[in-house]
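Enquirer: In case you want the letters, here they are:
There are 2 protein chains.
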Amino acid sequence: MTTRGPSLPRITDVAALAGVSASTASKALNDTGQLREETRQRVRRAAEQLGFTPDSRGRALSSGRSYTVGLITTDSSGRFSIPIMLGAEDTLSAGEMALVLCDTRDDPLRESHYLRSLVSRRVDGIIVTGRRTEPRAPVDVPIPVVYAFSPSTDPADLSVVMDDRGGAASAVRHLQSLGRRRIAHVTGPSTHHSALVRAASVVETAGDAMVGEPLHGEWSERWGRHAVDVLLRTEPGLDAITCGSDQIARGVCDRLRELGRAVPDDIAVTGYDNWSVMALASRPPLTTVDLELEELGRRTAQLLLEAIAGHPDPGLHQLPTRLVPRESTLGT
Amino acid sequence: MTTRGPSLPRITDVAALAGVSASTASKALNDTGQLREETRQRVRRAAEQLGFTPDSRGRALSSGRSYTVGLITTDSSGRFSIPIMLGAEDTLSAGEMALVLCDTRDDPLRESHYLRSLVSRRVDGIIVTGRRTEPRAPVDVPIPVVYAFSPSTDPADLSVVMDDRGGAASAVRHLQSLGRRRIAHVTGPSTHHSALVRAASVVETAGDAMVGEPLHGEWSERWGRHAVDVLLRTEPGLDAITCGSDQIARGVCDRLRELGRAVPDDIAVTGYDNWSVMALASRPPLTTVDLELEELGRRTAQLLLEAIAGHPDPGLHQLPTRLVPRESTLGT
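These protein sequence lines map, in sequence, to chains D and U. Just so you know, we're using full-length UniProt numbering here: the first sequence kicks off at 1 and counts up by one. Just so you know, we're using full-length UniProt numbering here: the second sequence kicks off at 1 and counts up by one.
Looking at chain D on its own, in the form it has when it is part of the complex (with noise of 0.2 Å):
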């Protein structure tokens, strides 16, 4: 078994063996000061040979940085905040930057608990994200700060978001290319922004193609069945459905194919997400828009790391989201 214990090799050790002083050896690790190459490549082959790795928190007192993010979700279910959060994680790493996770379980009191201890920890920088995209109240740090998927109440924060308004369009421009042109909409809770949103795109977009209103009910396929056969009573002559979530879209082709409808020779159906195990194991696969989250979280760390850097590109970013054709569009 692994042990802590007196076996973390010291710089001190590393002098002994190598027949120099400690500073010297801390100079040629460092390549700093005036060795001779002989006396570098010694202590350099001593270090290898006890394993000892220079202590990082060295260079972060000196540099005054802890090339250290925090990370601040909301999201204990991690459905959106996850993709995001390895999305940064690569960005960071290969900057040598770590990510601490700071999971607030939708709690203030957790929330502010955090914002102080990364504080503390001398974090260069932190983002904060959420499962909804409401608008969320800036934190209060006195270091840079990105916002991801959820953004902050003040446009002059740094805040990255997906285009939900050109991902609900392109869904629909889709479906019209295809030639639909009765297209109806089923989505989440009229309270949830990101519904909203989307909704009021497809009713634009669509124009005079649109049948109906925007039905809302849960994000669910239960909801997803139970929309369709509302929607077969009032719209009977629909030939699209456009949904807000890749779960509604597989409730409405599980409900379809039970009343003998197919998918998409008689009505063609889109979802949002591209939840794989969601958009793939619908019968059949869905049309759907991928949210490319991890994208997203890439760019909120180059970002940050500009603002760590002393170049903040302050304001709203919008990244776009991507058409994924399947199935249940393009038939088989």
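Each hint can be trusted.
Here's a subset of chain U near chain D, in silico, CB distances under 10 Å, partners left out: (1) LEU101; (2) LEU118; (3) VAL119; (4) ARG121; (5) ARG222; (6) TRP275.
Some, not all, of what chain U presents toward chain D, calculated at C-beta under 8 Å: (7) ILE82; (8) LEU86; (9) GLU89.
Bear in mind the hints are in silico, worked out from the structure with no lab data behind them. Virtual Cβ for every residue (Gly too), placed ideally from N, Cα, C.
With the hints as your guide, set chain U onto chain D.
Expert: Showing chain U alone in chain D's frame:
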């Protein structure tokens, strides 16, 4: 916008405001030295007024600890490691420890890079987790390590896993307690450790009630649907199907419904994982086995904290799973 700047107050600012020397201010805030209570209070008020937070890196250097733990994961999709990570983070943050996330994306080169980087940052310990239950090669670092979900191949290492044998057995015993006497098993690839362990436990627990051999295929709904066609042809008298995952079980339920077989009246079905998006959306909702992954993460973090404190408890720790009964066996 929040910017980094000269605004982060320093101990000298606190000292100036309180009218004391920097070393007195430091003693007052660290509760050390001989000071009058009035002086201590004045310094504290000054610190509060300025929003001064002590630099925890100083505490870290003087104690020889960084109050930081690294988490190495290979699981970029996050299905299993995310709840483990959140559980670990919960326990660690209660102990004022920060969790640094390192996603290796299954790349051994990235893994060694991260290990070197974590050691160089002087983290106090490392959690290693993965997305398969196969034992993995141990990592070689001079600090405490705990393996979670994917145990170390070295039995002397500290590994925390769930009791998969017990989990699979609990599903079979539940079916037997409901009077089921002809039980089939449908699960994932025979090259996966988790599929093999669960299948062996089902066979052993079911005894004479087992019909046929375990059926191995993909971890997918599609395989669940296909397996139903196979089973109804070869084992027409079966009255229960216990599945190796919720995805498979959901496919089993869908296909049985399409064929007009009632779940659970004709055939009871159990899943495995308690992955809510599958288990609750299934028609009917699935009786399943919860892996208790957040608890696994919390226990992992506790064992790591004990090892860091010099009290390691090496060996394999198996945590219980939890049977969650729902309509797919109980009916409505």
